[in-house]
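Here the protein sequences come in this chain order: A and B. Its first residue numbered 1, the first sequence is counted upward by one per residue in our numbering. Its first residue numbered 1001, the second sequence is counted upward by one per residue in our numbering.
No wet-lab data here; the hints were simulated from the structure. Any given hint could be a false lead.
As the list claims (entries may be wrong) - Computed list of lysine-lysine pairs in DSS-like fashion (alpha-carbon distance at most 27 Å, straight line): (1) B/Lys-1240 / A/Lys-30; (2) A/Lys-282 / A/Lys-30; (3) A/Lys-165 / A/Lys-30; (4) A/Lys-128 / A/Lys-30; (5) B/Lys-1290 / A/Lys-282; (6) B/Lys-1342 / B/Lys-1290.
Said to hold, decoys possible - Covered by chain B, according to a simulated footprint, are these stretches of chain A (three or more residues, beta-carbon under 8 Å): (7) 51-58; (8) 72-78; (9) 208-214.
To be verified - Quick list of simulated restraints, FRET-style, between CB atoms: (10) A/Val-70 / B/Ile-1112: 58 to 64 Å; (11) A/Phe-4 / B/Gly-1149: 48 to 54 Å; (12) B/Lys-1290 / A/Pro-114: 16 to 22 Å.
Keep in mind it's a predicted model, so treat the numbers as computed, not measured. C-beta atoms are modelled at their ideal positions from N, C-alpha and C, and glycine is treated no differently.
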Amino acid sequence: MLQFLQLIASGIAQGCIYGLIALGFVLIYKATETINFAQGDLMMLGGFLGLTGTLALGLPFWAAFAAALVAMLFFGMALERAVLRPLLGQPAFTVVMVTIGIGYLARGLVTMIPEWGTDTHVLPVPYKDDIVSIGGTDGLILSMEHIVIIAVTALLIVGLYLLFKHTKIGIAMQATSQNQLAAFYMGIPVRRINMLVWGLSAAISACAGLLLAPITFVHANMGFIGLKAFPAAVVGGFGSIPGALVGGLIIGVVETLAGFYLPEGFKDIAAYIVVLVMLAVKPNGLFGENLRKKV
Amino acid sequence: MRFLFKTHYDQDVRLFRHGGQVFWYGLLLAALFVAPWLLPDYYVSQLVFIWIYAIAAIGLMILVGFTGQVSLGHAAFLAMGAYTEAYLHQHGWPFALSLTFSALVAGITGIIVGLPALRVKGMYLAIATLAFGFIVEEGVARAESITGGNAGKAIGSLEVFGLPIDSEQRFYYLSLFVLVLVVIGVMNLLRSPTGRAFVAIRDSEISAQSMGINLARYKTIAFALSAAVAGIAGALYAHKLRYLSPDQFTFLQSIELLIILVIGGVGSIYGAIFGAAFWIAVQQFIVLAKDWLPPAIAQQTGLQPTVFGLILVAFVLFEPMGLYGRWLKIRTFFQLFPFYRKGLFRRQKSYMKSERLK
Chain A
1 MLQFLQLIAS GIAQGCIYGL IALGFVLIYK ATETINFAQG DLMMLGGFLG
51 LTGTLALGLP FWAAFAAALV AMLFFGMALE RAVLRPLLGQ PAFTVVMVTI
101 GIGYLARGLV TMIPEWGTDT HVLPVPYKDD IVSIGGTDGL ILSMEHIVII
151 AVTALLIVGL YLLFKHTKIG IAMQATSQNQ LAAFYMGIPV RRINMLVWGL
201 SAAISACAGL LLAPITFVHA NMGFIGLKAF PAAVVGGFGS IPGALVGGLI
251 IGVVETLAGF YLPEGFKDIA AYIVVLVMLA VKPNGLFGEN LRKKV
Chain B
1001 MRFLFKTHYD QDVRLFRHGG QVFWYGLLLA ALFVAPWLLP DYYVSQLVFI
1051 WIYAIAAIGL MILVGFTGQV SLGHAAFLAM GAYTEAYLHQ HGWPFALSLT
1101 FSALVAGITG IIVGLPALRV KGMYLAIATL AFGFIVEEGV ARAESITGGN
1151 AGKAIGSLEV FGLPIDSEQR FYYLSLFVLV LVVIGVMNLL RSPTGRAFVA
1201 IRDSEISAQS MGINLARYKT IAFALSAAVA GIAGALYAHK LRYLSPDQFT
1251 FLQSIELLII LVIGGVGSIY GAIFGAAFWI AVQQFIVLAK DWLPPAIAQQ
1301 TGLQPTVFGL ILVAFVLFEP MGLYGRWLKI RTFFQLFPFY RKGLFRRQKS
1351 YMKSERLK
């Protein structure tokens, strides 16, 4: 039983990471109706920026964390302005291909930066190897890394909730995601909002990268974990922000349990089996909206 | 400039529109026929890769370019074809039979993958195929009794109708022959009612449905055909490499096929072939360029993905119709000379076409 709880706890932590990356997908999907295949690579960039912040610049961890988020916010906005905006109004497939290209570029260029390279790096975090045990010495043991992941994710979600509910920008983002044209007529600067959404999404995935770094290390291909966030987004219903997080948690927990109880090999494909089942049973996901076009 | 006077309805569906095309394609075929005698073995081998990639890309083109369904897991069909061929070859089946059977197995897998396509579309379908691709990749690695697992599987020498295919030249002719067959087959498909239905579905599912096209049926056919052609490519690929392992059929391989389509130009057979040729050529070029680039750049392992990424982004931004589109523009320029104007191929901008609504 205790072992089961232990697995659930680490599954939830892993799921938070998936959820955060999925959140990035969903934000961009809602606003611009395209999927950003470079999301995982943005996460990797965030990890590397954190690395530079702490090691090369000597910032304290949390300062470097914040700096990396801000840097990625601007990077995401710049990316939208430079590459995505010229494609506004093109079919989703075109934009998807561009994001795939950006992913390739990011993975290639990162290995050329002297301090980053192809090596695997360790991000020094102040909470490394700390553990917290609940219920005495033989109770549930949680590693600090996992607790930090869960706590930061929760904070971020609350922050996003407040942003979308109570600020003008957040409400403008919601309007844009529901109907660009109508939002435009209402005087919302749709393009600038899209830019902001890309920035926000990049910052969130950078956050995921920084949280994941103590567990999996930082390297050029860490972005491939983003491929497991697709199932998370679909399970939650692409286009639903709470759905992304719930989907992430489901995928994380199922994956961890599959890794422990099922034969070898199932851990890696558990997420994909879950998503195929989901698509067969409920194609719109748990929180998805079901809209139909009227001709 | 050539003016075609149509005097018969057949002229609309003929494979060759006019005598000039017969002449030029004949010349091209003749050139390809003598090429292996004139080129060194290494280049012949690269040409074989182009033919194989072109077949795979044509397979994907049926789905992406003509039916408008996205697949991010096409490497899985390559893998099905390749491993079926390897398995049957090992058990002594003649090549013609085992190739057909590989296509069949891949095609049936395609139908299975196509099942979600009947319910979901757009990005959901992309993710379903992606999920399927990963599952096949893992399955191939685990089914050690058939595929040899991660250790890989070697394939013996090939023999076609008693003729041993033991040199690059012979394999070149074999793969070229298969490519030509596939091209002719797909061209015929496109002028048949089935092919027209595919294109109608791509352009608008709702209007296709209103015209009496059974979406489920034609989408399934598209998946099956696309997968079968990819399976043929996979079978040839198996014999070309002579050694199969699961890491040849990853997600990145599926993405590579999509990139080939985008570079070549989505929506035409030319696109698939141009894209494949360009893709192989670029890889060769990167290898060659390493010799004269400063070592600081040439030693970088990230060089290849960087170049791929740049090319892909540049194509989508500046030449969205791909190499074939560029060729069309050049041809039109000379045909209309001096009346070609800049806006002739301009993309129409729409605000946003929502796919969220069915």
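To see whether the hints hold, each was checked on the structure:
no.: 1; hint: B/Lys-1240 / A/Lys-30; result: violated, 45 Å
no.: 2; hint: A/Lys-282 / A/Lys-30; result: holds, 20 Å
no.: 3; hint: A/Lys-165 / A/Lys-30; result: holds, 16 Å
no.: 4; hint: A/Lys-128 / A/Lys-30; result: violated, 36 Å
no.: 5; hint: B/Lys-1290 / A/Lys-282; result: violated, 51 Å
no.: 6; hint: B/Lys-1342 / B/Lys-1290; result: violated, 38 Å
no.: 7; hint: 51-58; result: violated (count 0)
no.: 8; hint: 72-78; result: violated (count 0)
no.: 9; hint: 208-214; result: violated (count 0)
no.: 10; hint: A/Val-70 / B/Ile-1112: 58 to 64 Å; result: violated, 47 Å
no.: 11; hint: A/Phe-4 / B/Gly-1149: 48 to 54 Å; result: violated, 31 Å
no.: 12; hint: B/Lys-1290 / A/Pro-114: 16 to 22 Å; result: holds, 19 Å
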